[in-house]
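A.B. asks: Here are the chains, one letter per residue:
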Amino acid sequence: MQDEVIVEMFWNRNEAALKEAENKYKSYISKVAVNILSDLEDAREIVNETLFRAWNSIPPQRPSMLRTYLGKIARELSIDAYRTKRRKKRVASEFTVSLEELGDIVSDGGGDILDGKLLGEAVDRYLGTVSYEARTAFVQRYFFADTLREIAARQGVSESAVKSLLYRTRQGLKSYLEKEGWQL
Amino acid sequence: MKKLDFMSSLNHLSDKTVAEAAEARETGPAAKKSRTWIKYAAAAACVGIVVAAGIGVSRSVDIERKRPDSPEVTYESTGIYEPGEPVPVLVDGLPRIAMPQDYSENGGRGVFLKNGPEDLRGAEPLSAEDIPEKLPVYKSPIYPDRVDVDKIRGNLDTCAKAWGLDPSALDVADGVYQTQKMSAESGGISVSAGQFGAEVTVAADLPELDGEDGFAEYILKNYADRLMLGDPAVSIDGGERDADGEQHFTVSFYEGGGGAVGQFINKELRSVTVTRGEDGSLTFSYSLRDAESLGDYPTVSAEEAVELFEQGFYAGASDGDVRDRENIEKIELSYDLGGEYWYPCYKIWVYDPNGAIERVMDMKLYNVYCVPAIEPRYFEESGLSTSEEVRLMPFSSSDIPEYRNLGYYDGAMSDAKPATLYDESLEELFSDRDFNAQIGSFYKVRVNEVLDGGDALWLNGYTTGAQDDQATFYRATVLYDYFAEKAMHKDIIFRMAGSVKMQESGSPPYTSGDEAALLLFRDSEVSDFNRAFKCYAFVYDVENIGGGEYLLARGQRVPELEDGLTDYLTDETASMVTSSTYNPAVYHGAYDPEELAEKLKEIVDGAEKTPLENLSEGRFGPGVLGFGGSFKEEPIEVAALEYSSEPVYERIHAVDTVPCTGIPESLDEVLNEMSGRLSGIAYEITYVYSREEAENLHEEFADDIYSMRTLYRAHAFYDVLNDRPLDYYFDVAGWGTEDTQEDGYPPYAVGDRLLSFFNDGDSEIKVPKSKLLEFMLFCLKGTDSDGGETDVKIAYHIDSLRTRFESPAYPNLDLEMTESEREVITTTKNNPIRFTQKSTLRSLSDFMRTELYNRGLFVPDSEGASLPTFRVTGETLSLGGEIYSAGSAENLDTGNPWRQLDISEGDTLPVYERVMSRNLEQNGMIENVDREFMREALRFYAIGFGFDPDGIEIEDNGITPEELEELSEKVGEDLSEEYCEPTEMSFEKDGIKVSVRVTDALLYRADISIDAGFDLPEGAKVGFYFGATREEAENAKDDLLMKYEWLIGNNDAGVTSVNGTQSGNCFVTMYHPCVGELIPYDDGTLPEIDRNDIVKTVINFSLNSIDFMDEGTIICYGVPGAFEKQYRKVGDYPAITPEEALRLLDSGGYVWTAFDESGKTSADVEYVELVYGTDGVPYYKLYCSAAGWRGCTEGDYGVYYVPAVKPEYYEIEE
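Same order as they appear, the protein sequences are chains U and E.
Using my numbering, you'd call the opening residue of the first sequence number 1 and step up by one each time.
Using my numbering, you'd call the opening residue of the second sequence number 1 and step up by one each time.
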């Protein structure tokens, strides 16, 4: 079923929309959650919670890209769950590794981000200036928490090449954000 | 700023950015889809309708086509099931179209009416009785998931103009998410537009109106020019009631010119609906659908539609299941606009005589179904049985569609198993069936997607068992029930024996697009929540030949079933390959579906059991797992997971055909087959022999081995049972060839590393006694950098999940393994290895050694005797001459974590030797230098300093051939050309100089010089040569760590400590601690630390440190990745305790030291630590006060080095 129809069903408060969205995007949402949490049970919960949140947000939202919309919700929920989980014990996930890589951009100290949306938009602007390969690798690594190996396989290059690419992108991003006045 | 907050902020990346990356995730090799694009001209038509606002016609359309002749089933899970993908098949010149499976704009809903259809108002311009012979079908312009921004903006502008607004002056908002919708407001008029239309809302002061008719009249009178219609006709529709009994109508307008057909299409696709808001506003909803016509399609009459409806040919699901002709109370024409194709349909209103609703709500329930008004043959899957007009004719195997014949069974493979695993005859088949429970039906299914067994883990509520290793899961659609003679459109998932990896002989697994007829049972004993049905024999392939549908029998013959049936296949056998070139289905009969179904039903009913009712299709929910469905109230929702495979390389022509035999139940069973002494050899494939080469080399094994095995040349590099390095080559024959692959055992390729247990150490050819003890050595994380082979994380696969090694004594024997790590594609994409366990090689070898030793299958060469002795010398170590002006013994502790090892009797420590060597016969020329590594190292540093690695100019100390000649003359002998090769390389850029060189100690080292210094905060400084206090160095260490942690490489974390005297000359050392911060679990316990990680940390501390010497000077003893380039492991040697080291000091068992003459004893030792020397040997470093010795003062310390392994393994060179 096409996304437009599913969104229309959400708008019409037709509960079948949940089923359709789940049928179509459960695996996608699961993958996002598993990459971050490394836990099947948690991932299942994220799937349900994502759909629930979509139900509560459409309307008023009317996503044109349902998959991306659900992916963002799932990621947000997964990161929240990750925070909670990490307080208790170490979380061995690809997300943990990718998080560590960001150490050369952010110091993990200092104050809180006042406006995550502005920062996200700034990152988006920067990504608009880099190559397609760099942009997709960055998003796959730090948004979807994909492994270096997965990204390398997709791009048909070695892992070390991806690592270098990401490193350069991070350094560029750091420089860009500093110029924009972000306290990293 | 917190890293997690930063991560969270990425949620605000634009949809475009995320979607682009998501798209790339799916189009990469890991999830590549085969797609062929074709174009064909669509028959342009609008059935000659003259309308003011006609349907747009475009000249061509892109349609994706499935490849019907794909020779392989691949493990490329799309992750998302996309039913109804269009197939560009022309039927009588018109494109075949698809019906939405689960959704219909018109069908699939229940409606409340007070009295009956007479409550409804509105009549289509074209009645069901007057349907023309042909009507147009359109293709949705935005399917699937496309957005035409220009069209949306066009709709907005069109409506804005109609209301007197200047589109160019509008401030148009794009909406929250991209441009799915645009809106603007001006002068009290709100306009919003979408893909298929626009809405205009205006304030209005409506007078008292006489119902819907009065409202329609008012609109025509006051807003006719806003309708954008030349001759607006009114339509008042509706009359349905809501749960409160309130009736609802809609008032709409459409182009009234032209004939009835034109009006009908205009009303359906381009009408204007006007509604009143509670605030008195009016909203004009314009339907502005533009689409290309695929052509005019022959229609069916209303009477024919009713027949089709009774056969189940309709779109959309409905809660009710009342499809009796006598309950149909209204039929009207409409267009179904819910899917990819917009086609005319009959809306059939069926009264549901369920009295409950009538009693409770005083209303009648009607289910509305949508039956396509064009002939079913134009639909991709009509689900209808063979037309009676088609007379089945005998045919030969050559009549089977050519494109499906991908090859023939050539007899090369063994035919080890019957097609049916369990049942040899009908009697046997039915003997254990409980017909008091359930018998299912005989269904026609179409395979939509092949799911790997592993994906089943992701199917909710389903737990895979060992049997699933040899099965394949399919996502399929049930199209027809042959017993009940009813068409169906229900999705199921079913599982059948045989997989791409493990194939039944003559019964290859199905592939996407295959159709099969299956007799399904529900067995009350074995069926459960997850496995509602079982299916044994009676699997037929469905083929259309010469216009008729045949069921082709494959696999086991069942004589009693064949008796009396007309066999339309004239050849004795016919082969048709489905999913594997070498494993075709062999047909032995072709039957008329109806006749076969009748016969089957006869047998089932006559089985002297109590036949139960056929299962109704209502049992099937979308995506229900099991053979046909679940008996739970709530269907189990399923979806395939998008798993990541890791293609390493492929041999496209490799296919798998041989069934996997001999599944071990336990390690006991495996080992019982073994005899004699075993050895465990880790080796690397260096050459793959062709079969011809193998047979020529080892003729005596040719018949037995090479039809089923591949011969490899291998380099043995480690004896895991005796813990010693090896260095020899041998031939090994492994199971599986390119043509005949074992389940999960594709042939290996050069570079693959394996661990096998052999039972004979003498034979020239070493054949693993049992493949079951063959492990693949696969470095998953690359964590072997510091610890050598013993710390390689390996994953192994041994045929069956039932054989699993677990032992509390070896905690690293069964490490956690993620799903993505499990499946690795090696030589073919359709025969991936599925790993069962992950462990460290150390734990695995310890476990196996113990197991084999206890069974008498392994005798160590001699305890420890296999370890070679080595020589140590202080001179070549550059050890022993140093004096530490620490001020006090406390300052000697610089964070070395060696005490965590708690070395006691029986422990071992790894000893390494250097890879590079000096060729004394060649004037000390250094050999085995990896210069490519040195260049890569320079590139690494360049990237780290923000330079383009391709933009640096690398200089080296290599010499020209002419210079070599000159040098040769000077030394008086011919020097090797290798002298020309450099041992030092460097670059200089923007005030930063980096050189990577081979040191006198035969190690790689990088020296970095930064002209601008370290830019340290006030009060911070380091200075080995030019002086810095400890306090200054302490102030500098955190800042240096933050700025230069990347020097460690691999994104590893670092720690820093201060070395040097209390008063001055302090520098900062940084290294990677392999043991990170231990975070307690909820119960307060700490995670277990791998002992090897502590050893690695000591090594990093000793050999891979990075010293910040003076402002701007960095010496990297640890060049990332250098350790494994410069050291190879000799073995794990029995260690001595610190106490034993002190005793050795007293007996003179220490390495040369300049401190020697002082005559110190163990009583003088004030501090001890374990370090690794540059020679790769662990030493105890014993610190004694040097006060008074050769000018040293209080607080100065000299050192003795005592090897930390038992003395019998080394010689101290004087």
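Hints in this document: simulated from the structure, not taken from any laboratory.
As the structure is a prediction and not an experimental result, all values here were calculated from the model.
Fair warning: there could be bad hints in the mix.
[Said to hold, decoys possible] Using 20 Å as the maximum straight-line C-alpha spacing, the simulated PhoX-like pairs for lysine-lysine come out as follows: (1) E:Lys486 to E:Lys601; (2) E:Lys2 to U:Lys174; (3) U:Lys117 to E:Lys3; (4) E:Lys221 to E:Lys114; (5) E:Lys599 to U:Lys117; (6) U:Lys174 to U:Lys117; (7) E:Lys486 to U:Lys174.
A.B. asks: Each hint: holds or not?
C.D. replies: Hint by hint, here is what the structure shows:
no. : hint                 : verdict
1   : E:Lys486 to E:Lys601 : 15 Å, holds
2   : E:Lys2 to U:Lys174   : 14 Å, holds
3   : U:Lys117 to E:Lys3   : 15 Å, holds
4   : E:Lys221 to E:Lys114 : 33 Å, violated
5   : E:Lys599 to U:Lys117 : 68 Å, violated
6   : U:Lys174 to U:Lys117 : 17 Å, holds
7   : E:Lys486 to U:Lys174 : 64 Å, violated
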